[in-house]
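If you read the protein sequences in the order shown, they are chains W and P. Taking this note's numbering, the leading residue of the first sequence gets 622, the next gets one more, and so forth. Taking this note's numbering, the leading residue of the second sequence gets 24, the next gets one more, and so forth.
Please note that a few of the clues may not be correct.
Here are some chain P residues pointing at chain W (derived, C-beta under 8 Å) [stated by the list, open to error]:
no., residue
1, S36
2, A39
3, F53
4, L97
5, E103
6, R170
7, G173
8, V174
9, R177
10, S178
11, V181
FYI, nobody ran anything at the bench for these hints, they're computed from the structure. Ideal Cβ positions, reconstructed from N, Cα and C, are used throughout, including at glycine.
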Amino acid sequence: MQREKSWDLFVRVFHWSVVLGFALNLAVLDDEGAWHERVGYAVLALALLRILWGFAGPAQARFSAFPPSLSAALAHLGDMARGIVRPHRSHNPLGALMVYNLLACMLALGATGWMMTTDMFWGVDWVEELHEFLANWAIFSVVLHVGGVIAESLIEKRNLVRPMVTGYKDATEKTKD
Amino acid sequence: MPQSSPPPSREGSSRALALLIGVQAVCAVFFLGDVVADLVDGGGMAALRLHLVIEAIASIALIVGIAVELRFLLEMLRREQVAARSLAVASGALADVMQGLFRAWGLTAAERDVAAFTMKGLSIAEIAGLRGAAEGTVKSQLAAIYRKAGVSGRSQLVSLLIEDLMDAPLLAREGAQPGNGLETSGASATMRAGNH
Numbered sequence: 622m623q624r625e626k627s628w629d630l631f632v633r634v635f636h637w638s639v640v641l642g643f644a645l646n647l648a649v650l651d652d653e654g655a656w657h658e659r660v661g662y663a664v665l666a667l668a669l670l671r672i673l674w675g676f677a678g679p680a681q682a683r684f685s686a687f688p689p690s691l692s693a694a695l696a697h698l699g700d701m702a703r704g705i706v707r708p709h710r711s712h713n714p715l716g717a718l719m720v721y722n723l724l725a726c727m728l729a730l731g732a733t734g735w736m737m738t739t740d741m742f743w744g745v746d747w748v749e750e751l752h753e754f755l756a757n758w759a760i761f762s763v764v765l766h767v768g769g770v771i772a773e774s775l776i777e778k779r780n781l782v783r784p785m786v787t788g789y790k791d792a793t794e795k796t797k798d
Numbered sequence: 024m025p026q027s028s029p030p031p032s033r034e035g036s037s038r039a040l041a042l043l044i045g046v047q048a049v050c051a052v053f054f055l056g057d058v059v060a061d062l063v064d065g066g067g068m069a070a071l072r073l074h075l076v077i078e079a080i081a082s083i084a085l086i087v088g089i090a091v092e093l094r095f096l097l098e099m100l101r102r103e104q105v106a107a108r109s110l111a112v113a114s115g116a117l118a119d120v121m122q123g124l125f126r127a128w129g130l131t132a133a134e135r136d137v138a139a140f141t142m143k144g145l146s147i148a149e150i151a152g153l154r155g156a157a158e159g160t161v162k163s164q165l166a167a168i169y170r171k172a173g174v175s176g177r178s179q180l181v182s183l184l185i186e187d188l189m190d191a192p193l194l195a196r197e198g199a200q201p202g203n204g205l206e207t208s209g210a211s212a213t214m215r216a217g218n219h
């Protein structure tokens, strides 16, 4: 089977580092500990790097390859409902919305988390509430993201996780630009 | 073939529904997070428990509502796409009927162009401009077209097309008539819908 290059090394390292960081901060580390903060800042830095990469990285990783569009996402959802498969050169339109959602979520989590350490917002209720809500929203988004990847993999009959690990996808179909 | 988009009102309503689902998802996550936090913090107190039960029921109702809306949205999207495809099939059929007529009349390539423009309602001057030809040339081509079609003028020419369309299976029933040459236009509609 022919192999086609897919996600670049940075995108892959970014993706799995964020997965690790989220998991650590949600389930392992103490919410008020120093390591929760450090991991949080690391994820924030990764998100900022990913945004830079979205402008300066290789074609597939650029934001221009997956512009946010609700109507395109709805069209994609319609395709999924009818079992139609169309190749995309980057994230599919629905996945693209998820990428922006998760990136925004990471930025907001980092920002509210940092705010809690400042004198001005320390102990302020709404900041803490917002941080917790964002964490819940992140959990919900991740569940949706994983569900979407599984659903899409089943519909398209190809493993969508593998390219995020190996960086290659099976080039059985031509990618349309 | 002219590109036709589905009626804007329908697309607008599916967008609105998608946004509504998004907003409700935010709410559901908020309320559910609250229920879970309360459960963890102090589910033991009797007063809180009643409050929790009510909150949980409300959250579940919201989630069920979202699920129903999601189903509705998917159904709507499916119908939208079917409608878009029927429309493409219809315009494909129109082009087929037109080309069929032109062939039957034995029009030359230039005359076919002029005939198509005429049927679309362009004036002689406009056609001449588009084709980069003198108006006199277009006029004589039009005369040839009317003669070959056996009509006296533009309105009769268009009538012939409409007459043909009326017995042609313009809107084939969904999946009913395979092999009538309309599949290709259906496929091109599928391709087109993918561009974004």
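A quick look at each hint next to the structure:
1. Of the supplied interface hints, the one on S36 (chain P) is violated, with its beta-carbon coming no nearer than about 11 Å to a beta-carbon of chain W, more than 8 Å.
2. Checking A39 (chain P) against chain W: minimum C-beta separation of about 10 Å lies over 8 Å; hint violated.
3. Given the 8 Å rule on beta carbons, the hint for F53 (chain P) holds: about 6 Å separates it from the nearest Cβ of chain W.
4. Against a cut-off of 8 Å between C-beta atoms, the interface hint on L97 (chain P) holds, since the closest Cβ of chain W lies about 4 Å away.
5. Hint status for E103 (chain P): holds, given a least beta-carbon distance of 6 Å to chain W, under 8 Å.
6. Hint status for R170 (chain P) relative to chain W: violated, with the closest Cβ pair at about 47 Å, above 8 Å.
7. A hinted interface residue such as G173 (chain P) counts as satisfied when its beta carbon comes closer than 8 Å to some beta carbon of chain W; here the least separation is about 45 Å, so the hint is violated.
8. Here the hint on V174 (chain P) is broken, as its CB sits about 43 Å from the closest CB of chain W, past 8 Å.
9. A cut of 8 Å between beta carbons decides the hint on R177 (chain P): the least distance to chain W is about 39 Å, and the hint is violated.
10. Look at S178 (chain P): its Cβ only gets to about 40 Å from chain W, farther than 8 Å, so that hint breaks.
11. Interface restraint check: V181 (chain P) against chain W, minimum CB-CB distance 35 Å, threshold 8 Å, status violated.
Checked against the numbered hints above, the structure breaks hints 1, 2, 6, 7, 8, 9, 10 and 11 and satisfies the rest.
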